[in-house]
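As you go down the protein sequences, you meet chains Y and X in turn.
Counting from 1, one number per residue, gives the positions in the first sequence under this note's numbering.
Counting from 1, one number per residue, gives the positions in the second sequence under this note's numbering.
It is worth saying that the hints were derived from the structure and are not from the lab.
In this text, all values refer to a predicted model and were calculated from it rather than measured experimentally.
Where is the CB? At the ideal position from N, CA and C, for every residue including glycine.
Some hints could be false.
What follows is a list of derived Cβ distance ranges for each label pair [what the hints assert, rightly or not]:
#	chain 1	residue 1	chain 2	residue 2	range
1	X	S55	Y	I42	50 to 58 Å
2	X	L255	Y	R89	29 to 37 Å
3	Y	N138	X	S55	24 to 32 Å
Cross-link-like lysine-lysine pairs, in silico, BS3-like; alpha carbons within 30 Å at most [as the list claims (entries may be wrong)]:
#	chain 1	residue 1	chain 2	residue 2
4	Y	K276	X	K168
5	X	K278	X	K168
6	X	K278	Y	K276
7	X	K168	X	K266
8	X	K278	X	K266
9	Y	K276	X	K266
The residues making up each chain are set out below.
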Amino acid sequence: MRALFPYLLVAPAVTYLLSITLYPGIYAIYQSFFLVRFNEWIPVGTDNYVELFADTEFWGALLNTLIIGGIALAVECLLALVLAYFAYRDPFIRGWRIVFLMPMLFMPSAVAFLWKLAFNDGRVISDLLMRLGLISQNIDFLGSVPLARLTLIVADVWQWTPFLFIIFVAALQGQDQEIEEAARLDGARWPQIFWNISLPMMRPVIAVAVILRGIDITTMFTNVYIMTNGTPGGTTETISYFIYRQGFRTFNFGYASAAAVIMLIITVVSAQLIVKRAFRSGRA
Amino acid sequence: MAGRTTRGESLWLRYMVLGSWALVCLVPMLWFLSIGLRPRTEIITPQPVYWPTFSLDAWHALWSDWPIGAYLRNSVLAVAGSVVIDLILAIPAAYSLTRYEYRGREDIGFYILSTRMMAPAIVAIPIFFLFRNLGLLDSVWALMLVYAAINLSVVTWILRSYMMDIPKELEDAARTDGASDLRILWEIIIPVTLPGIITAAVIAAIFAINEFLFTLLIASTANAYTMSVALANFTGGSDGIIYNAIALVSFLAFLPIFILVVLIQKNLSRGLTMGAVKG
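My request is simple: use the sequences and hints to build the entire structure.
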């Protein structure tokens, strides 16, 4: 009984989580071998997978997710690092932090509408660029592949750079100041100190923060749903949106489940490879 | 060296960079607020209107045309309920993961963490069918259960981080006095971990308020629409998207979150990294 006690304490949480990961995972795998028409399930073997691997929309969605997510993540990381470096020893750091974190506190659906209005429906960005003399006529941001992707990236960067900023500031404030001080006394200049001392010391924290942000960015759905619906020509459709569209727009549940299973495999593999290590070293 | 910090980095550059980003944060927000406080005729126009007429049209429309009260109630109920479920499950779990040595402990902890990586889209269809079969579609209860599930990993790991900081001696003293494990949890661990519990609760609440995909699938009427998803339905048919109502609701949801976050500011970075960074 005594030996079982710790298991009993953790069991309810684990059971609850299994019911929303293991059960749906098995359900999705099972469903992916069927053609689902309303309440009728017709077994089709591996047809869904064969079709999926030949589906350019599926590969396109994977690629879009990587392009949009990759660029947004890189920009956010760079911006947050620069901002954190300038802010962390500033006397007004509390003020900066409060202002910078505000975009993060809006609902993502609200932020999506803000940028949808600014870029598309209200043409504000076009108008501002015209006033600056940078362009001569209205831009249709949904009419070009890079521009449509850009609107998604801007919305994500605006909302989520603060997430990384706050974590990086905490990491910089928490680091051993004496090492930096010693380097400075030895005549090192600040870019050298930042590059050779601060950055390497922050690496475990950067890893954890980037992984957490990376998880959310590769599952991007809300912004696509509200801002672009995948236009033009599916080039802004993310993998999450692809699964949603196959499942709940065309009611092709078996096919959508096959795509979900592929995503599940990618998730499990990357979780094992990357995340376990980062969270171990992150606590060192 | 006036205008320079001790590091030789110029103050001018620093305030240029920080000031610019502050504008990038604030200007779109203030513009969006102005959208919420202007009449609909001044939103989608051939030329953008930068100095709009002040109007509370959107505010009145929210109460007369939309069941905004129901949306608010659904959000509050689902979010608060989910946070309570999370704490009830996560406090004993975190206690077990930090204060006992046993086989499989690390793997259990990592399993809990790994559920944070599960994309909502992967489990969306099975969860949809599950709630349909349970007859729970379009209900706040379903949202509560889903939000709790989404945040359970985050809450458990934040609490785990705070509980690891508690010195073992504190418990040992109580144990020699003959206190049971559950009493130690209740009378020592929980009070000492309170800042962590509050941080975890606030962060879980924010994620829950923001949740979109599951709510979109589960909710279909004012019975379960939350603010986050109701936004996407503020359309007036031929009039298109009702942006001023959307903007007002956005700020309505922003305010309480902002207050909560300012309260836990010191613990925010630790909470956001699930305990990996001690801010």
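To see whether the hints hold, each was checked on the structure:
| no. | hint | in the structure |
| --- | --- | --- |
| 1 | S55(X) - I42(Y): 50 to 58 Å | holds (56 Å) |
| 2 | L255(X) - R89(Y): 29 to 37 Å | holds (31 Å) |
| 3 | N138(Y) - S55(X): 24 to 32 Å | holds (26 Å) |
| 4 | K276(Y) - K168(X) | holds (26 Å) |
| 5 | K278(X) - K168(X) | holds (19 Å) |
| 6 | K278(X) - K276(Y) | holds (19 Å) |
| 7 | K168(X) - K266(X) | holds (25 Å) |
| 8 | K278(X) - K266(X) | holds (10 Å) |
| 9 | K276(Y) - K266(X) | holds (27 Å) |
Of the hints listed earlier, there is not a single one the structure fails to meet.
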